[in-house]
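In the order they appear, the protein sequences are chains W and D.
Start counting the first sequence at 1; every next residue gets the next number (our numbering).
Start counting the second sequence at 1; every next residue gets the next number (our numbering).
Hints listed in this document are in silico derivations from the structure and should not be mistaken for laboratory results.
There could be a bad hint or two in this list.
[Said to hold, decoys possible] Residues from chain D that face chain W, not an exhaustive set, calculated with beta carbons under 7 Å:
no.	residue
1	89
2	162
3	163
4	166
5	180
[To be verified] Only pairs whose alpha carbons sit at most 16 Å apart, straight line, appear in this in silico EDC-like list of lysine to aspartate or glutamate:
no.	chain 1	residue 1	chain 2	residue 2
6	W	89	D	174
7	W	155	W	97
8	W	101	W	86
9	W	89	D	173
10	W	89	W	75
11	D	161	W	97
All values reported here derive from a predicted model rather than from experimental measurement.
Even for Gly, the Cβ is constructed at its ideal location relative to N, Cα and C.
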Amino acid sequence: MSPVLQTHDLTAFYGDFQALFGIDMHLDEGETLAIIGANGAGKSTLLRAISGLLPHAADAVLLEGRPVGNLPAFELSHQGISMVPEGRKLFASLSVEENLKTGADAFTRPGFWSLERVYELFPILKERQHQPATSLSGGQQQMVAIGRALMSNPKVLLCDEISLGLAPVVIRDIYAALPQIREAGASVVVVEQDIGQAMKVADRVICMMEGRVTLEGTPADLSREAIHNAYFGDAA
Amino acid sequence: MILIDTILQGVMLGGLYALFALGLSLTFGVMRLVNLAHGDLILLGSYIILTLAGSLYLPPLIAALVALPIMFVLGWALQRFLLNHALHDDILPPLIVTFGLSILIQNGLLAIFTADSRRLSLGGIEAQSFAVGPLNIGVLPLMTLLAAVLVVLLLNFVFFKTALGRAFRATSDDATTLTLMGRDTRRVFAIATGIALVVAGVAAFFLATRASINPSIGPARLIFAFEAVIIGGLGSFWGTLIGGIILGVAQTLGGSIDPEFQVLAGHLVFIAILFLRPRGLFPRAFD
Chain W
1 MSPVLQTHDL
11 TAFYGDFQAL
21 FGIDMHLDEG
31 ETLAIIGANG
41 AGKSTLLRAI
51 SGLLPHAADA
61 VLLEGRPVGN
71 LPAFELSHQG
81 ISMVPEGRKL
91 FASLSVEENL
101 KTGADAFTRP
111 GFWSLERVYE
121 LFPILKERQH
131 QPATSLSGGQ
141 QQMVAIGRAL
151 MSNPKVLLCD
161 EISLGLAPVV
171 IRDIYAALPQ
181 IREAGASVVV
191 VEQDIGQAMK
201 VADRVICMME
211 GRVTLEGTPA
221 DLSREAIHNA
231 YFGDAA
Chain D
1 MILIDTILQG
11 VMLGGLYALF
21 ALGLSLTFGV
31 MRLVNLAHGD
41 LILLGSYIIL
51 TLAGSLYLPP
61 LIAALVALPI
71 MFVLGWALQR
81 FLLNHALHDD
91 ILPPLIVTFG
101 LSILIQNGLL
111 AIFTADSRRL
121 SLGGIEAQSF
131 AVGPLNIGVL
141 PLMTLLAAVL
151 VVLLLNFVFF
161 KTALGRAFRA
171 TSDDATTLTL
181 MGRDTRRVFA
191 IATGIALVVA
201 GVAAFFLATR
211 ASINPSIGPA
221 RLIFAFEAVI
231 IGGLGSFWGT
241 LIGGIILGVA
251 QTLGGSIDPE
261 FQVLAGHLVF
271 IAILFLRPRG
281 LFPRAFD
């Protein structure tokens, strides 16, 4: 099976600071990949680079085998990469429904997801549809952010720290949506600080440290010790 | 009764100021662009209408309608090829670029049209009025006010009922995230400036019919536009209309005390409101 998304020797910089050092990773069709790592490991930077927010070489990112690394973010969205950004980044002056609609306003491919389907996935959003998006609770806002990203029927859904700052019970509700998202045809990358959560939802896990991939494997393969070492560096 | 008449004239004058201001309000609301050339662009619109009416012998209203799409293309191109390159996190480059543009337009108009005063003649409508009880209402000032109300209604429709309007509001919240939703924000900006200049074109028509114009009067229109936007509060088109009306009423009331006091009275009211309500009367913008 050919991967839907691949990076090859992907580097990224913030000014002079190099944040990613030659990342090689892939995401198979229908797969859920979790990226774990400590703060500042480069997880979010990797997602920002893949989604086109950070510039890099054209062949550093391949979508279904095509080089897309030089495309701007809005083009990548049209190509099928959709992002749930860190911190949700809802549009504060738009209602819940308007936020969802912005996900499909500029471009959408035919597929499973529509406004009605998103409301079926997260029924609470239908009740709140006319409220300002940022008046919702954190978990509900995260649902809006995920729904908004689904509206364009993406091939690849990138989720950046969707459990950050949420109560465990809320996190469970949000991750409960994942199976249906995969069933509808999206391959998913989740960046997750919570290792336990990542192990539960992912088919495969990669661990990053200081801008490099330090470990890769299926949750069953990875020992606690291996993860600990990959997370914090080898114990002296 | 004279007082009521004076206020009424001020309200209608406010319609003109609102038309000056609405385009400015729009570009600032969408992309935080302070366009210092806005007054000169209105004046440029007036000269385009005058030229269409004068050399193509179009009736004035038709000339204005023909000028509106020209203004849209002009605004679109201006944003696409110039202002988008100046818009970054730093607020200074757009100010410098539009200030330069202002000088460029003034001198360009001076070179082409000379410093002579010109006026768009509507064939007598501009002098007509009708009586409502003891009051006399000028046809043209009333048309100006109605045009301003119509423009506010149309802008609000676009902003709150269409996908483009969602993009306008979303880009002002967070342009980067909007690109993740597949929007090319440079295009959104270009359309916004295009629409702003269409509104400027409407203002241009009434500016040229109300009194005579010459290439130097743009910056003063910009000041009135600024004052209307800020009195009304950033981000609300109705607020901008009210702001224009408050400015217009302040000016006519001031002028009725002493003609030399007219413009100053407007500025004083502006400063007073800025002092009492620094964010304007009806602010919507969050920053």
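Hints versus structure:
1. For residue 89 of chain D, the interface hint is violated, the least distance from its beta-carbon to any beta-carbon of chain W being 13 Å, above 7 Å.
2. Below 7 Å, beta-carbon pairs count as interface contacts, and residue 162 of chain D has none with chain W, the closest being about 9 Å; its hint is therefore violated.
3. Nearest Cβ of chain W to the Cβ of residue 163 of chain D: about 4 Å, under the 7 Å cut. The hint holds.
4. Among the interface hints, the one on residue 166 of chain D holds; its C-beta lies about 5 Å from the nearest C-beta in chain W, closer than the 7 Å criterion.
5. The interface hint given for residue 180 of chain D is met, as the beta carbon of that residue sits about 5 Å from the closest beta carbon of chain W, less than 7 Å.
6. Among the hinted pairs, residue 89 of chain W with residue 174 of chain D is consistent with the structure: their alpha-carbon atoms are about 8 Å apart, no more than 16 Å.
7. Between residue 155 of chain W and residue 97 of chain W, the direct Cα distance comes to roughly 23 Å. Violation of the 16 Å bound is thereby established for this hinted pair.
8. About 20 Å separates the Cα atoms of residue 101 of chain W and residue 86 of chain W, which puts this hinted pair outside 16 Å; it is violated.
9. With a C-alpha separation of about 9 Å, the suggested pair residue 89 of chain W and residue 173 of chain D falls inside the 16 Å cut-off, and the hint holds.
10. Our distance criterion of 16 Å between C-alpha atoms is broken by residue 89 of chain W and residue 75 of chain W, whose separation comes to about 19 Å.
11. Taken as a hint, the residue 161 of chain D and residue 97 of chain W pair is honoured in the structure, with Cα atoms around 12 Å apart against an allowance of 16 Å.
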